[in-house]
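Please construct the entire structure, taking both the sequences and the accompanying hints into account.
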Amino acid sequence: MSDQTVDISRRKFLIGTASAGVGLSLGLYLPLGKAQLNADAAVPEVNAWVVIQPDDTVIIRIARSEMGQGTLTGLAQMVAEELECDWSKVTTEYPTPGESLARNRVWGSFSTGGSQGIRGSHQYVREAGAAARIMLIEAAAEIWEVAAGECTVASGVITHNPSGRSTTYGKVATAAADGIPPLDVKLKDPKDWKLIGQPVKRLDTFDKLTGKQVFGTDLNLSGMLNAAIKACPVFGGTVKSFDDSVAIKMPGIKAVVEVEDNAVAVVAENWWQAKTALDKVQINWDLGPNAKLDSAAIDDMLNEGLTANEAFTGNRAGNAQKAIEASAKVIEATYAYPYQNHAPMEPMNATARWTQQHCEVWCPTQNGEAALQAAAEAAQLPAEKCEVYKIHLGGGFGRRGAFHDFVKQAVAIAKQLPGTPVKLLWTREEDMQHGHYHPITKARLVGGLDENGELTGLNIRISGQSILAAVNPNWMQNGVDMFVFQGLMPDGDHAISYSIPNLLVEHAMRNPPVPPGFWRGVNVNQNAIYMESFIDELAHAAGKDPLEFRRKLMADQPRSLAVLNAVAEKAEWGKPAAEGVYRGLAVCKAFASYVAACAEVSIDQHGILKVHRIVAATDPGYAVNPQQIEAQVEGSFVFGLSALLYGECTLKNGAVEQDNFHNYPSMLMSEMPKVDVIVMPSGGFWGGIGEPTIAVAAPAVLNAIFAATGKRIRSFPLKHSDLRKA
Amino acid sequence: MAKISVNGKVEDIEIDASTPLLWVIREQLGLTGTKYSCGIGVCGSCTVHIDGRAVRSCTIPVGSIKPSQKITTIEGLSSDGSHPLQKAWNQLDVPQCGYCQPGMIMSAAALLKDKPAPSDADIDSNITNICRCGTFNRVRQGIHLAAKINKDGGQDV
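Going down the list, the protein sequences come from chains B and S.
Using numbering that gives the first Met the number 0, the first residue of the first sequence is number 0, and each one after it goes up by one.
Using numbering that gives the first Met the number 0, the first residue of the second sequence is number 0, and each one after it goes up by one.
Since the hints were derived computationally from the structure, they do not count as laboratory data.
Ideal Cβ placement from N, Cα and C applies to all residues, glycine included.
Treat the hints with caution; some may be incorrect.
Listed below are several chain S residues computed to face chain B (Cβ distance under 7 Å; list not exhaustive) [to be verified]:
id: 1; residue: Thr18
id: 2; residue: Thr31
id: 3; residue: Gly32
id: 4; residue: Ser36
id: 5; residue: Cys37
id: 6; residue: Ile39
id: 7; residue: Ile73
id: 8; residue: Glu74
id: 9; residue: Tyr98
id: 10; residue: Cys99
id: 11; residue: Gln100
id: 12; residue: Ile126
id: 13; residue: Arg131
In C-alpha cells:
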C-alpha cells in the first residue's frame, strides 16, 4: 500500500509544507492514511489529482459527482489542459470521501449542486494540473542533469531541446512523485488553451450504451441482501406497530425491520421478493400532526402572506410604493408555482454494510462528504470509521445532494443485520411520495407605468416556502433566506436583469410542513416566471414591443442584453413567424451565467400547444466543452418544460397525491422542440451551465402562448389551463 | 422450473410465475443493463425485445413467456457496442446520466427493425421513453444516424 511505500522524511517535509499553507490549495498532500483508491497503489501519485502509470495512462481524480451533466469530462479537460498530457490517455476516478477526510480535504468540496462543478473548482484543478506538469518536467531534468527551463512538454512527451532527448510522463512519474511541489504555479492565459473550449467527447459514454455502466441499483456484492421500504406517507407520521406474520413466511424473506421511527423495510434474497412481501406487511401508522393537511390549506397560508404587513426585503431601490401610487397606470397580477418532485430516473438507493467497527456505503450521491456524514450518524460511528464509495448517478437534480435520507435508512437496516451488505432500493411510489420538493410559492406583482409607458416602479411580494429554513438554517442571515430572491437580487450570481428606478422585492416566509429541497434551478425557476411573465404583461399594457421594453431597462446589464439580443436576432424577432406561430422571450442571470430564450409556439383550435423551436443563448464566461453545454441547454428545456406542462405535487390528508409517472408525467420525444443553442462566452468570469437555462424555458413559452392566444397563464402546471384562443 | 431464452441462451429459472420479466433478467440472470424506474410500464427504462418487438419488461409476468420466445436485452444487442445505434450514440455523445439509455436504445432498435429509415413522426410515435436529463434531440439524431450507418452497409459516416 502506498502509505507503506512513502518514506518518512518526505512525509515530514510535506507536513511542514502544509503548515506553511501552500500545499492545501494545490492538493499536493501524500496519502497519510491508507490509500483506498482504485488506482494501483504502487503507481506514482504525482499529486492528489494526478496519477500517471508507466504506460503513460493519466488518471485524473474527480471529487465532484457525474450525474449526466458532463462535469467529469470538463474537470478532466481542465486538469489535462495545464498538465499538457495526451488527452487520449486520460481516465478518471473518484477519490473516496473517507480518503478526503484522512487527507485534510485535499480534494476540496465534493458537493455537486448549484452548477458549481466547474465554476467552483476551476482554479485549484488547473493549478493541480500545472503543478504536476512542473514536477514531471523537473524530474526529467534532474535525471538528465539539465536545467528544467531547457525542457518543454507536449502531449505528455518531455523534450530537452538543446540535446533533443525526450521521455514520457509515464517514465518519470515515479521520480516526479518524490519531487518537491512548486510553491507557485502560473496558469495559462485563456487565449492559449488548447483543450479547454474544445467540444471533446465525454469520457463516460461507452459503458452507458452497452448496459455495462453500474448504477447504484445495479450493485451486487458477495452475500448481499436486498431491501424494500415503506415510510409513513404522511409527513411527520410514525410507525405505531406492524404485523409481518404473512410477509415473514414468504419465499426469500430474511427480516422485517422497523427503520428509524417512520418506516418498515423487508430484507430478502432479492428485491422483488422484498417488495412483494412488503405489500403484505400490515403497518399501523401514527399519522401525526399533518394528517389533515391538504393543498387548499397551504394555498390559504400563502395567500395570507401575499398581503401580510411583515416581509423580508431582498432588493430595494428608490421608493416603489410611492412611484406606483404616482404612476399613470397600475398593473397587478398574482402568480402561483406548485410543489414538484425531482424524479430522477434512478430511484433512491444505497447499499450499506455495518459492523460495530466499520460502516461502508455504496451510493449515487451529489455530495460524497455529506453522504459520509449521514452514514456516520446513522451508524453511530465516527466518520473515520466509515467510508462511502460513490457511483455515477442515474440523475440527481438536487435530490441526492443535501439529503441522504436513503443512506441513513440503508445504514439503519444494515445495522440490524451486522456484517451483511444490504441494498436498499425505493419503489418509484416511495420516491414520489418522499421527496424534498421544489418549494411552493406565490407572487403578487404590482407595476406602475407613466404616461409614456415607461416602468416607474415595481413591487414583487413573494409568499411561500424557504428551502434554507428547512435544510440549511445556518445559511440564513438574520432569519432571511436570500436564496428565495434568486434572479431578483441587486447583484451577484443571481442578479435581476433590469435596472428599475423604484423596486421592492419582498418575501413573506410561509413554511408548510412539506419538506422542500434544492431542485435543479432552485428559486430562479419560479422567480424568472414571475419576473419575465410580468415584464411581458407590463410591455403589453404599455403598448410596447416586449423586446424593446426589456432593452430599455437593460442599459446597465450589457451581458444580459447581449444574450437577449442574440436570441432575438437568431429567431428573427420583429419579422413575421410562420403562419400560426408566435414568439415569446425570456432572459435571466442565474448561477453566474447569462441566459436568454426565444420560444416559437402554435396552439391549435383544441388548445393543444406545440413548441416548435427554442433559440437559447448562454454566456457562461468560459465555455469548457461547448458540445456538453449544448446538451445541458437542450436538457434544461426538457426539465423546465416538463415542470411547466405537468409538474405538480398536491397534498391530500397529509400525503403527496402523485405516486408515479402516470400522474406525475414528464415530457416525451413528441413534445420536444428543436433547440438552437448559442454558446457565447465573453470571458473574465466562470458561470454555471446545468441549471440557468431552466429559468428561461417556461417564461419564454408562456409569453409565446400569450402572443398566440391573448391568455396570460399565471398558475401551473399548464395541464390545468384551457389554451384555446381567448 | 421454467425455461426462457435470453440473448440466445436458454436459461432455467426457478421463480414465482408472477415475477415481472424485468426482475428475472436483473436478479436471476444478473443482466443489470435493463433498468427499473417506474414499475408500471410508463417510462420505458426496462425495455427489452421479445421476438424483436419492444416491450416493457416490468409489467410482463415471466410465467406468460413461452420458452420459444426470444428475449433480447441491451447486453444482447451487441457484445461490443457495434450495433449501429450504439455507434451513432457514441458518435453523438447521446447519454447524459445514462440510466434511461438502454431502454431508449432498445426502443430505437425495434423501431429500426420495423422501419429502417424512420421519419421524425415515426420517432415521435415510437419512442415514448422518459428521459429526465433531456436527451431527446440527440436520441432523434442518433436514430437517423444509425439508419444511415445501416444503409451505408454498416460503415460509419
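A quick look at each hint next to the structure:
no.: 1; hint: Thr18; in the structure: holds, 6 Å
no.: 2; hint: Thr31; in the structure: holds, 4 Å
no.: 3; hint: Gly32; in the structure: holds, 2 Å
no.: 4; hint: Ser36; in the structure: holds, 5 Å
no.: 5; hint: Cys37; in the structure: holds, 5 Å
no.: 6; hint: Ile39; in the structure: holds, 6 Å
no.: 7; hint: Ile73; in the structure: holds, 4 Å
no.: 8; hint: Glu74; in the structure: holds, 5 Å
no.: 9; hint: Tyr98; in the structure: holds, 3 Å
no.: 10; hint: Cys99; in the structure: holds, 5 Å
no.: 11; hint: Gln100; in the structure: holds, 5 Å
no.: 12; hint: Ile126; in the structure: holds, 5 Å
no.: 13; hint: Arg131; in the structure: holds, 5 Å
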